[in-house]
Amino acid sequence: MRSLVSAAFLLAMATSAAADSEALRVCADPNNLPFSNRAGKGFENKLAEMVAQKLGKDVVYTWWAQRRGFIRHTLKAGDCDLVIGVPAQYELVETTRPYYRSTYVFISQTARHLQLEAIDAPQLRKLSIGVHLIGDDGNNTPPAHALGQQGIIDNVRGFMIYGDYREPDPPARLIEAVERGDIDVAAAWGPLAGYAAKKSPIPLTVTPILASELFAPQQFQFDIAMGVRKGDHALRDRLNEFIAQNGEEIAALLVSYGVPLMEKRFSSTAGVHR
Amino acid sequence: MKDVSQWPMAARDYANTRYSELDQINTANASQLQLAWTFSVGADRGQEAAPIVIDGTMYVVGPYDGPYPNRVFALDATTGELKWSYAPRPEPAAKGVACCDVVNRGLAFDNGKVFLNTLDNHTVAIDSKTGKELWHTKLGEINRGETITMAPVVVKGKVLVGNSGGELGVRGWITALDEDTGAIKWRAYSTGPDNEVLIGDDFKPFYATLKGKDLGVTSWPADRWQIGGGTVWGWISYDPELNLIYYGTANPSPWNANQRSGDNLWTTAIFARDPDTGRAKWAYQINPHDLFDHDEINENILVDLEINGTTRKALIHPGRNGYMYVMDRATGEVISADPYDHVNSYKGVDLKTGRIIPNGEKTPILGQTINDICPASPGVKDWQPSAWSPRTKLLYVPHQHLCMDFKSSEVGYIAGTPFIGASVDMYAGPGGYRGEFMAWDPVGKKKVWEIHEKLPVWTGTLVTAGDVTFYGTMDRVFKAVDAKNGNVLWQFRAGSGFIGQPVTYRGSDGQQYVAMLSGVGGWPGVVANAEVDPRVRNAALGFTGATQDLPFYTAGGSELLVFKLSPAALKDNGNAQSR
Chain A
1 MRSLVSAAFL
11 LAMATSAAAD
21 SEALRVCADP
31 NNLPFSNRAG
41 KGFENKLAEM
51 VAQKLGKDVV
61 YTWWAQRRGF
71 IRHTLKAGDC
81 DLVIGVPAQY
91 ELVETTRPYY
101 RSTYVFISQT
111 ARHLQLEAID
121 APQLRKLSIG
131 VHLIGDDGNN
141 TPPAHALGQQ
151 GIIDNVRGFM
161 IYGDYREPDP
171 PARLIEAVER
181 GDIDVAAAWG
191 PLAGYAAKKS
201 PIPLTVTPIL
211 ASELFAPQQF
221 QFDIAMGVRK
231 GDHALRDRLN
241 EFIAQNGEEI
251 AALLVSYGVP
261 LMEKRFSSTA
271 GVHR
Chain B
1001 MKDVSQWPMA
1011 ARDYANTRYS
1021 ELDQINTANA
1031 SQLQLAWTFS
1041 VGADRGQEAA
1051 PIVIDGTMYV
1061 VGPYDGPYPN
1071 RVFALDATTG
1081 ELKWSYAPRP
1091 EPAAKGVACC
1101 DVVNRGLAFD
1111 NGKVFLNTLD
1121 NHTVAIDSKT
1131 GKELWHTKLG
1141 EINRGETITM
1151 APVVVKGKVL
1161 VGNSGGELGV
1171 RGWITALDED
1181 TGAIKWRAYS
1191 TGPDNEVLIG
1201 DDFKPFYATL
1211 KGKDLGVTSW
1221 PADRWQIGGG
1231 TVWGWISYDP
1241 ELNLIYYGTA
1251 NPSPWNANQR
1261 SGDNLWTTAI
1271 FARDPDTGRA
1281 KWAYQINPHD
1291 LFDHDEINEN
1301 ILVDLEINGT
1311 TRKALIHPGR
1321 NGYMYVMDRA
1331 TGEVISADPY
1341 DHVNSYKGVD
1351 LKTGRIIPNG
1361 EKTPILGQTI
1371 NDICPASPGV
1381 KDWQPSAWSP
1391 RTKLLYVPHQ
1401 HLCMDFKSSE
1411 VGYIAGTPFI
1421 GASVDMYAGP
1431 GGYRGEFMAW
1441 DPVGKKKVWE
1451 IHEKLPVWTG
1461 TLVTAGDVTF
1471 YGTMDRVFKA
1481 VDAKNGNVLW
1491 QFRAGSGFIG
1501 QPVTYRGSDG
1511 QQYVAMLSGV
1521 GGWPGVVANA
1531 EVDPRVRNAA
1541 LGFTGATQDL
1551 PFYTAGGSEL
1561 LVFKLSPAAL
1571 KDNGNAQSR
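First to last, the sequence lines map onto chains A and B.
Residue numbers for the first sequence follow this note's numbering, beginning at 1 and rising by one.
Residue numbers for the second sequence follow this note's numbering, beginning at 1001 and rising by one.
Isolated chain A, as found in the complex (with noise of 0.2 Å):
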């Protein structure tokens, strides 16, 4: 148990955001399951824990719904130190490492049988296919663009990401749509998809999209670091380490939430492959 003393103590330093606080200090969204939410329950927290833990701190949280200006009111706000997921080299703030990558997916009920495979699949021309939308113009999903393309636009059902935040877990509302047959295939990011197949009563299939050079500069993996604030070095040499010394633990995490894993095909070196 902890005094009350002490609890002050914690709160002060919290807010000092001293690198060598005794917390943890996460930025999270409150409601964004397989990632993260108020409970405790996503991956992201358990990540968390697992990072507290092993540096001798405790997680506390500035939770902040996950959308545009997210990073703005967070993390640049000093409200908290870390983000747990972000892309690697995401520009808003300093990556460590990357600690996974996945794939954009197709998630179909599998006794549909729709074995696709390729985002250029000619299936795809009679299927309903939904989609998560994020917003703005150029900001679509990989999978929303490469269909537009192609001129598959009829039969593409958009969901926006953001959704009716008074639900659980907004972007979920695309998988349920799949489960109940309203569409026959989405096209979503695989650790959503993937943990929705994991709990779903109904058997989904989950297929990594191959993606295919027609639709470059688009990409349907994705390298997932953490992310500090820039010139946050201490920190981000931490989590490195971490991330370099539990690849197993980490790993073994994911795919406990069904998050559907790739090969790391390419060096992290920015640029060398382009």
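Don't take every hint at face value.
[To be verified] Cut-off 27 Å, straight-line C-alpha distance, at most; resulting in silico cross-link-like pairs (DSSO-like, lysine-lysine):
(1) A/230 <-> B/1407
(2) B/1313 <-> B/1407
(3) B/1407 <-> A/76
(4) A/41 <-> A/57
(5) B/1002 <-> B/1213
(6) B/1352 <-> B/1313
No wet-lab data here; the hints were simulated from the structure.
Starting from the known structure of chain A, arrange chain B on it as the hints suggest.
Then chain B, alone, in the frame of chain A:
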């Protein structure tokens, strides 16, 4: 509107002229303006609101930030004494969910009531004497991305309100509420079937492509109109004689253009509607199948113009796309449409069909870098409203002068989903300046004078019978300009940059006052007040690149500044300048 001492609505009058008959401040004495009093609205975010002045009281609203979001203040317009303040109780989730800068463009007034729109979608009626809330009505859902930022307008006992949030997959609407009860009298959507757009047999658009059943459905791929945008976050004008209200709708959303084939009606369109029923009488779409985020919510100024020997009941719409539209406001015919700044993304407007001619070479394609698209996404002019002087017959237009490169950008990550986005990199247009304040002759179809500004001119303007026009700059300068020739008569360096709307009125002491909020922000200004990293050129949807140096000139602010003539100038006025 008859009482020249007042400024009763954001645009001053239903015609949206922002013209005041006051002439105590004139071209001869404007150089002797001085600060009368100041007031802080208590939240250092973008201050876009127009103060309004009725019967000696000024009502002003702050942005949706700080401990009291969208707080309303009533002040003695002459002395600045605070009479009351009102703070709406925001929805707890709102702060974490609203994404963008949290501006409010002003209040409305009618029959002893002040009307407020809150960012979290409530319209509130407040007793103008006591500051007590009389009613509030919830019109939208911030948890689905809807917000309200526009200033309401009251027409024939109805409070007219439109929504924002097109980027988040919102379906645009305008709603009329009973000013006494807050009950919704009608709502007209900008997309979807005719019965929801309030289009019926009496709908008579001028152009053939706009005639047909349910075009708000059929000009989209299946069902895409349901989250198609076309929000209504700009200005509403009203012609009592024709009994028509006019307003523009925003861009189509949230799909990339290649996933929404068709004209995407009724986005980027001007509607003329009957204020009693909401029914549309005509509509005109400015940018069919918009590619550039060219909302057309800009103001529509209602003036009668002598064109080719006949008097036309005109509507002037300075388009976001860079064309100055002069239309017949009774019929929806485009009389003329001429570029008023450098435009290369379109080749002109076909006056026979009414359709704009896109320049295919400037079509954004994800994965390809398209350089030198002019104007950039905010257009030649965004929300910042113009003013019309019946004396000079010129339109005073604050605007930006920006071009952009459209290219694939680094990864983004939203709600756990990574993607490669398009980045829009904006920069100064030809000549190297980013903003301009200019006077336009809508009959002669030409620019009469212009003042270049280093940064986008994001404030509104006004013009007076003293032939003085006012505007502010993002680098903190408030200017009085000779409306006839563009000579700068006076300027004042304030605490923060300007993105608001100047107003003028007569105080109880008989003096003319000019008021303006200082406090940079808005779309171009978040770099100065919201800790967007200025090194990231494509932050704030690309605007940061165009205003990267803003933090060098200004930080955020929240100050209302009120000016009047010095006692010495008044004395001279009495002797030489009385009209």
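Consistency of the hints with the structure:
no.: 1; hint: A/230 <-> B/1407; verdict: 25 Å, holds
no.: 2; hint: B/1313 <-> B/1407; verdict: 43 Å, violated
no.: 3; hint: B/1407 <-> A/76; verdict: 26 Å, holds
no.: 4; hint: A/41 <-> A/57; verdict: 19 Å, holds
no.: 5; hint: B/1002 <-> B/1213; verdict: 42 Å, violated
no.: 6; hint: B/1352 <-> B/1313; verdict: 20 Å, holds
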